[in-house]
Amino acid sequence: MLRKLTLRIVLLVLVVVIFAVSSGLSFFRHAETSKMLEVTLKTGAWAASELEKDLLKLVHSLELFQFGQSTPEELELRYELFWSRLNVLKTGDETSEIRQLEGAAELLINLERTLRVKEQSISKIVDGDSQAAAELIQELKQLVIPVRQLSVSSFNGKDRILKLQLAKKLQYEFGVSLIGLLVSGLLLVIMLLQQSARNREQALHDSLTGLPNRKFFKEQLKLFEARCARTEGKLAVHIIDLNDFKNINDTLGHTAGDKLLVEIANRLRSCVRQHDVVARIGGDEFAVIQEGPLEGLQERAHDIDIFGKLASRICEQIAKPLVVENNQVYPSTSIGISVYPNDTVLVDQLMINADIAMYRAKKEKGLGYRFFEPEMNAVIQRRKGLSDDLRRALEDDHLMLFYQPIVDLESGLIDGVEALLRWQHESYGYISPLEIVSVAEQFALAEELNSWVLRRACQQSQHWVDQGFSRIVMNVNISPAMYILHDLAATVEATLRETGMPADLLVLEVTEDTTMQDIESSPDIIKRLCKLGVSLALDDFGTGYSSLSHLRKLPFQKLKIDKSFIQDLNNRPKDLRFIKTIISLAKTLNLQVVAEGIELEENLHDLLAEGCRYGQGYLFSRPVPAEEIAQLLQQQAAGKRPYDWIRNRTREPVARIHK
Amino acid sequence: MFRAKTIFCIGLLFLFSTTQVLASEQLSSPSGKVILSISGKIEQHNSGDEVLLDRQMLESLPQYQFTTETPWTEGPHQYQGVLLSELLRHIGARGDTIIAYALNDYFAEINLKQIRDYPIILALKNDGKAMRVRDKGPIWIMYPLSKYPELDNSIHHASMVWQLNRLEVR
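Note that the protein sequences, when read in sequence, are chains S and D.
Here the working numbering is used: the first residue of the first sequence is 1, the next is one more, and so on.
Here the working numbering is used: the first residue of the second sequence is 1, the next is one more, and so on.
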């Protein structure tokens, strides 16, 4: 950028120099032309004076010849030379000025006539006719005075002087107009520089708040960084993000949002010292460069004291309530701080760090500000790395599905399986499904991931059917983003068609959380899914919002009781109240109930006693590869019950109760 | 302004058929009226330390012609004569400067290096006719002004000596 700027300045200087040089040149050219005019006038005057001289020489030669002091050749030569001079004055550009003098034309005609008439008398004179010589002398002498007059007036005549004055005047005027040209050129350059400065100002500032923009902020940050590198000083970048600004914008309108931003900008300005930089680097995102005190190396604690103080002041100032368009607004903010050179010496990284710290502050909702810590970056980098690797794993089919049997607690037969995502990352090891889904949703991989899971599960289900095993239900977890952002129904329909899997074997598990509200708001998706014949199961029931309205509005067929309730059965004294309630609720609503997380045999008795028919958990099997499920299904097909022992164990306690 | 405007120039450079061996030949003496004498740094002589030339001697040298306008004449004229450079070589001139004197005692110093690349002639004829003194003859140093506009300025104009009768090589 610097090189570009230098180039532009060099170019500008070049243009100015060329302009000045060519102006100067044209001035000198003009002066030269004026001088040439003087030369012309001089050559004219020279010719006129030569005429006078040649006339006098001719007369003198004639007089000498009369006294035998000169030769006929000399006389003839003088005569010829005078004629020649007359010819010079009569013709050509050089003497045209002379001819225009008053009386000059007549004089020249007169001279020529005299010469023509006396052509003969010269030869007579040469032959010794002294009478003719005397006459010629007489006649020529009469011409001496007018020739002298012509000569003098060619030097100082009115016309000549006027012309010279005019030339001088023209030159002066040209000089003046040239100065005008130079001044206007100079003004033009100044205006150009001003305009470009104004453009730069506009390009580097935010029009709403008048604060520097991100670009300018980064430039400034580089300058500050360079200075700190020299002085071994410190600086902090604060990234300041308004909390819930989107909400304010949505509810109060953009005009109110803009007014709030302007007020926030003013408050920020009032918080920092004059030489610190405040900028608006995004919609509701501001940034501050704060230079540390120049007291040499400081302890980290000291830094936190100084930089934290500003952040805390900003938080306080921004949090003051204000009225925007008749609405009381309570703004709040989250600030991330990264300190140079403690955290990094790279300008870009400084901003990234501050951003990371800001997100952490936002999440924690504590002080309102957070200093960057290296661990934060590690988390971010892990997620970024995972997202890249997940994309590749999806492309290369490196993910796996494990299956956990869902067992009919009465018969001990496998009723279905739940497909669970497994990913063994080459450097991070086992990655939990929760993290995979969260990474996929953050990095826009949700659609690919869900499609992959769905397709793989359906293919597997079909594979078992092809192997001749009895029909079992396939439960698949679908991440919430699929309901909101993508066309889940279309994906399911396509997958079913592609794999040939019967829709009634597919159960989509929906986790109960806030996104349920979004799903509710688009009942169309659910309707389309039901139309396909796909079942819906409400997963982890009882841990989320447990809103009965969900159950009322959405056509679930199954309810999965969260494992925490099954764990309650292991407490002493045993707490059956919630299990009881949930199961009776499900029964009332005609929902199939599946208990999750069954780990102990005794849980079975309780669950069966309360009327829960299906269950899954480590007691039966961990999630296992498809081949192991195949083995179990094979046993089942051969008439064996994989969990036959259940029947013996479950009946005993029941019988005891009945005793 | 005397500069010849809209000059139509036929810069015809033309070698007469009467080719003649130039150098290394002993100069003859003039038989007619001497119209040009050359003195100064020259190797050839035919009268004392000078070279004297009559019209016939000059006309026996290769002749060149071109048409040009001048500030002292009306319209284009064809001038014919001896190439100055050839004449100087012919008489073994050894100098960079010549001073040209006229019958009326006008003189001009000519820097030969400055005009080396141009066909400057000592014109003996104007439109095929020998020039009288009153017509700036018998010899007029003529520059091809129309063909080479860069020659058309006051410095060279001053060097275009008419009624030439003496050259001094320096």
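Just to be clear, a hint being listed does not mean it is correct.
Straight-line alpha carbon distances no greater than 20 Å define the calculated SDA-like cross-link-like pairs of lysine to any residue that follow [unchecked claim]:
(1) S:124 with S:103
(2) D:33 with S:74
(3) S:53 with D:134
(4) D:125 with S:87
(5) S:53 with D:125
Derived list of chain S stretches under chain D, where covered just means 3 residues or more per stretch with a C-beta under 8 Å from a C-beta of chain D [as the list claims (entries may be wrong)]:
(6) 69 to 81
(7) 92 to 102
Counterexamples of contact, computed for chain D against chain S with all Cβ distances above 10 Å [to be verified]:
(8) 44
(9) 94
(10) 104
(11) 157
(12) 169
No wet-lab data here; the hints were simulated from the structure.
Backbone N, C-alpha and C fix where the C-beta goes; we use that ideal spot for every residue, glycine too.
Each hint tested on the structure:
| no. | hint | result |
| --- | --- | --- |
| 1 | S:124 with S:103 | violated (32 Å) |
| 2 | D:33 with S:74 | holds (14 Å) |
| 3 | S:53 with D:134 | holds (16 Å) |
| 4 | D:125 with S:87 | holds (17 Å) |
| 5 | S:53 with D:125 | violated (27 Å) |
| 6 | 69 to 81 | holds (count 3) |
| 7 | 92 to 102 | holds (count 5) |
| 8 | 44 | holds (27 Å) |
| 9 | 94 | holds (32 Å) |
| 10 | 104 | violated (5 Å) |
| 11 | 157 | violated (8 Å) |
| 12 | 169 | holds (25 Å) |
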